[in-house]
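The opening position of the sequence shown corresponds to residue 0 in numbering that gives the first Met the number 0, with each subsequent residue numbered one higher.
Bear in mind the hints are in silico, worked out from the structure with no lab data behind them. C-beta atoms are modelled at their ideal positions from N, C-alpha and C, and glycine is treated no differently. Treat the hints loosely; a few may be bogus.
Keeping only pairs whose Cα atoms sit at most 16 Å apart, straight-line, the calculated EDC-like set for lysine to aspartate or glutamate is [what the hints assert, rightly or not]: (1) 55 with 12; (2) 202 with 1; (3) 114 with 63; (4) 144 with 196.
Pairwise CB distance ranges (calculated) [as the list claims (entries may be wrong)]: (5) 16 with 146: 39 to 45 Å; (6) 30 with 193: 39 to 45 Å; (7) 161 with 0: 37 to 43 Å; (8) 137 with 13: 29 to 35 Å; (9) 119 with 185: 26 to 32 Å; (10) 116 with 180: 29 to 35 Å; (11) 151 with 11: 31 to 37 Å; (12) 18 with 45: 19 to 25 Å; (13) 12 with 159: 50 to 56 Å; (14) 137 with 192: 24 to 30 Å.
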Amino acid sequence: MDMYDRIRNRRKELGMTQDELAKLTGYNDRSSIAKIEAKKADLSQSKIIAFAEALKVSTSYLMDGEVKKIEEKSNINMNHIETDFMMIPLYESISAGYGASNSEFIKMIPVFGLKKNGTTYFAVKVEGDSMEPKIPNGSTIIIKKDIAIEVGEIGAFNLNDENFVKQKKLVKDKLILHSFNLAYEDKVVNEFDDFIEYGKVVKVMIDL
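Using the sequences and the hints, build the whole thing.
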């Protein structure tokens, strides 16, 4: 059972409708809750806290199931919440479109659910719809650095001084940066191109 199962089960346990939960967590209607419970949308750290308060559980319970449900939201231990997230740098933009030429540091942000095993992560705001529906325009992606991006995986790349988030593919011995949105042409990485692999996308955070 994962976080999304616990959200659905706890909502039903409380006799709460999807519409009611949507109102308590700042969404417009039940369709957003349906997507979350169907595991079709990820949650930002602020939304995880909102769901914990609405469902009268701790964030730790939602994340890993180890902490028992609580009766009042005022009983949430904010000191304990700190153990659930990692502070990582957030950068301005990466293109899911035609390419972004720069990416400025914005701030450090807390992100839930990352493995604290010495791995380095960073976050980037996505601009463009070339990776929809998997990575929506305006979402934030979490990238794991210094790890090989295998064929078929989604990663962050720099091709000739432009930053992209794409799927790595190999077609007839040619390295391809593939867009899920078929309105965009794939990028071919040629032998003499300047090409850098920043890291693998391991998480997508969406504020619906």
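Comparing the hints with the structure gives:
With a C-alpha separation of about 11 Å, the suggested pair residue 55 and residue 12 falls inside the 16 Å cut-off, and the hint holds. Of the supplied pair hints, the one linking residue 202 and residue 1 holds, its CA atoms being roughly 15 Å apart against a limit of 16 Å. Our distance criterion of 16 Å between C-alpha atoms is met by residue 114 and residue 63, whose separation comes to about 13 Å. Restraint check for residue 144 and residue 196: satisfied, since their Cα atoms lie roughly 9 Å apart, inside the 16 Å limit.
Taking 39 to 45 Å as the suggested C-beta distance range, the pair residue 16 and residue 146 conforms, at roughly 42 Å. For the pair residue 30 and residue 193, the supplied restraint of 39 to 45 Å holds, since their beta-carbon distance comes to about 43 Å. Under the hint 37 to 43 Å, the C-beta atoms of residue 161 and residue 0, about 41 Å apart, fit the expected range. A C-beta distance of roughly 31 Å is found between residue 137 and residue 13, which places it inside the suggested range of 29 to 35 Å.
At about 29 Å, the beta-carbon gap between residue 119 and residue 185 stays in the expected band of 26 to 32 Å. Between residue 116 and residue 180 the Cβ separation comes to about 34 Å, which falls inside the hinted range of 29 to 35 Å. A hinted range of 31 to 37 Å for the beta carbons of residue 151 and residue 11 is consistent with their spacing of about 36 Å. Between residue 18 and residue 45 the beta carbon distance is about 21 Å. The supplied range of 19 to 25 Å therefore holds.
At about 54 Å, the beta-carbon gap between residue 12 and residue 159 stays in the expected band of 50 to 56 Å. Distance hint check: the CB atoms of residue 137 and residue 192 are about 29 Å apart, consistent with the given range 24 to 30 Å.
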